[in-house]
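Just so you know, the protein sequences line up as chains A and B, in that order. Position one of the first sequence corresponds to residue 1 (our numbering), numbered consecutively onward. Position one of the second sequence corresponds to residue 1 (our numbering), numbered consecutively onward.
Treat the hints as calculated values from the structure; they're not laboratory data. Mixed in with the good hints, there may be bad ones.
[Unchecked claim] Computed cross-link-like contacts, DSBU-like style, restricted to lysine-lysine with a CA-CA straight-line distance of at most 30 Å: (1) B/K26 - B/K101; (2) A/K78 - B/K101; (3) B/K69 - B/K56; (4) B/K26 - B/K69; (5) A/K24 - B/K101; (6) B/K56 - B/K26; (7) A/K68 - B/K113; (8) A/K24 - A/K68; (9) B/K113 - B/K56.
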Amino acid sequence: DAGVIQSPRHEVTEMGQEVTLRCKPISGHNSLFWYRQTMMRGLELLIYFNNNVPIDDSGMPEDRFSAKMPNASFSTLKIQPSEPRDSAVYFCASSSSNSPLHFGNGTRLTVT
Amino acid sequence: SQQGEEDPQALSIQEGENATMNCSYKTSINNLQWYRQNSGRGLVHLILIRSNEREKHSGRLRVTLDTSKKSSSLLITASRAADTASYFCATEGVIYNQGGKLIFGQGTELSVKP
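Build the full structure now, drawing on both the sequences and the hints.
If you want it as structure tokens, here you go:
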């Protein structure tokens with residue numbers, strides 16, 4: 001099992017550019033979560049999906065952020081336009097019923 | 001807002017000593033989980049304790065849960081340099097249809113010196 005796969009591992013972009021983060025959950029897991037980690041705010045839940053359906057997006061900071069899960073094996077988190085305050089490590093995690101979360105290694109985003 | 005608050009924020013001990021980390025939370029929970037994060041990596045699940053359990057063991061890990069005080073502790077016995085990492089508690093609330101949604105604390109940074 002390859003675990004949760006995130007890409008890219010690092011992303012450096014200029015303010016105003018569109019950023020797309022990608023995640024492949026573990027096969028068979030039906031829940032997928034996007035978290036953001038910063039020194040100031042810790043680990044924040046942005047959005048999560050059950051069976052490809054968004055359940056709770058109350059953590060999405062603002063309309064510049066959007067997430068999709070077109071099928072059970074792929075999800076994207078998009079920021080458009082990006083701002084310097086979006087700089088953080090973004091984690092994707094997946095789980096199945098009664099199982100703990102399995103995290104990817106994250107995407108470190110730097111917006112200059 | 002963050003559900004879990006952990007203390008201490010940082011802990012430095014010698015190899016062989018025990019390390020204790022505490023977590024407090026605010027609302028009713030289904031379970032509480034502890035995760036570990038090595039620098040530059042994702043979080044890794046360590047142990048889960050359900051709301052009707054008071055203590056749980058896994059290898060050198062011991063977790064306690066006091067729902068009346070809304071608090072938990074993680075004890076790592078006979079620590080090793082390889083235990084150096086950040087440790088997070090996370091709670092799953094009892095709200096219907098929120099299954100699997102975890103809220104994380106700010107974490108404790110543990111440093112074990114050889």
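**Prompt:** Of the numbered hints stated previously, which ones are contradicted by the structure, given in increasing order?
**Reply:** Checked against the structure, the only hint that fails is number 7, while the rest are satisfied.
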